[in-house]
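*Asks:* Going down the list, the sequences are from chains A and B. For the first sequence, our numbering assigns the number 1 to the initial residue and increments by one for each residue that follows. For the second sequence, our numbering assigns the number 1001 to the initial residue and increments by one for each residue that follows.
Keep in mind that the hints were calculated from the coordinates and are not lab data. Don't take each hint at face value.
Take a look, some chain B residues computed to stay more than 10 Å from chain A by CB distance [claimed, not checked]:
#, residue
1, 1017
2, 1081
3, 1089
4, 1162
Which residues of chain B face chain A? A few of them, derived with a C-beta cut under 8 Å, are [unchecked claim]:
#, residue
5, 1005
6, 1013
7, 1016
8, 1021
9, 1080
10, 1082
11, 1084
12, 1085
13, 1086
14, 1088
15, 1090
16, 1092
17, 1224
Where a beta carbon is used, it is the ideal one built from N, C-alpha and C, also for glycine.
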Amino acid sequence: MERKPIYKLQGTDLSCIRDDRVLFEGLAFELVSGQVLLLEGKNGSGKTSLLRILCGFREPDAGQVFWCGDAINDSQYYADMAYVGHLDGVKKELTVLENLKVSLALGRSGQYSIEQVLTKVHLAGYDDALVQALSAGQKRRLSLARLLITKNIVWILDEPFTSLDKQGIALIESLMSEHCANGGMIVLTSHHDIDLHGVDVQRILLS
Amino acid sequence: MSLSRAFFAIIRRDLVLALRRRSEIANPLLFFVLVITLFPLGIGAQPHLLQAIAPGIIWVSALLAAMLSLDSLFRSDFDDGSLEQILLSAHPASILVLGKIIAHWLVTGLPLLIVAPLLAIFLGMPTHSLGILLLTLLLGTPVLSLIGAIGVALTVGLRRGGMILSLLVLPLYVPVLIFASNAVEMAGSGLPIDAQINILISILLLALVLAPWPTAAALKMSIN
Chain A
1 MERKPIYKLQ GTDLSCIRDD RVLFEGLAFE LVSGQVLLLE GKNGSGKTSL LRILCGFREP
61 DAGQVFWCGD AINDSQYYAD MAYVGHLDGV KKELTVLENL KVSLALGRSG QYSIEQVLTK
121 VHLAGYDDAL VQALSAGQKR RLSLARLLIT KNIVWILDEP FTSLDKQGIA LIESLMSEHC
181 ANGGMIVLTS HHDIDLHGVD VQRILLS
Chain B
1001 MSLSRAFFAI IRRDLVLALR RRSEIANPLL FFVLVITLFP LGIGAQPHLL QAIAPGIIWV
1061 SALLAAMLSL DSLFRSDFDD GSLEQILLSA HPASILVLGK IIAHWLVTGL PLLIVAPLLA
1121 IFLGMPTHSL GILLLTLLLG TPVLSLIGAI GVALTVGLRR GGMILSLLVL PLYVPVLIFA
1181 SNAVEMAGSG LPIDAQINIL ISILLLALVL APWPTAAALK MSIN
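Kindly generate the complete structure, drawing on both the sequences and the hints.
*Replies:* Rendered as structure tokens:
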């Protein structure tokens, strides 16, 4: 079997304080290729704040995040990660194809072409449809398609299953399992129970 | 190589978006034309006075039209999450932001250049200073977009940033206004204007090199 390089995302002693309220402190985790980190907790418990820290949008109030041993700002991290937040990050006046072309230009080409990805997320034939004409679930699948067209290792997903139907959820779960099997890693928040066969899932409960 | 691809992809994207939302192009242009056509009505039949203040009128209107269009620079990207994606890209954010500013100028600044000569003739400006008017607009309006971008980037996260934006940006526009309208006025009287033009060129180059960094940094703060 081909040996894949092992990547490691590590957080040490992270804390986040918002409006004088401590959301979490002393939080540590270590995630290597092939693993999934699931953040759980009720609304307002700091799940999204932690994801935004991992994206570098927000500085942790203490602690640091490391990518393969280097602080994320001094490493290849941003070339290796992809983020889908609760905002879709697609322009509604552009077509599906135009949106994906922009995402592709901003990243590195991955293993799939745009056509292959559209087939994978069941949006084949929608190439020239304006995004504003798509349903919420289709928009969601389009923003998740961005993960597949670019080459990346870490997926950071904030509630990826929002507005997806059962088939959509199963589809994204299978894509996630495939990504982990290919040596990727995923950090996500979700209110749904996720069902990933044969994937090492770590859970962090924020309260 | 791939950085230039990303840079042009951003410019292309914003131009396509502008074409699909035409009001974005039309608004500042319409404002520019309306303000300038109102002046002769307000001042009355005094062709000499109008001719004397024409450079000032055109430049002040261009400046206000640029201000009016600024908010659209990052607003929709901020609202739909595209801005996060742009800033997360492994490419330097300042270069991508520069692409957005260039696209914004092509959409809102360039049309002003095209109608300005017509409006100048309408105000009775001497024909030999039309070329200089165009030159100052060509050098000055990109500066308005570049400096304005810093202000918008700082205020895009605020609910009502409009007032603060004007307070932040207008003082920085003043040098451009002074040198540009002065150059057009002097050209009208046949005086040399090399100094003003050189200063405008240097302001443009400085802004081109220095403005994208604080803009990118301010955007990173705003999305937090």
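*Asks:* In ascending order, which of the hints set out earlier in this document are inconsistent with the structure?
*Replies:* 1, 2, 3, 16
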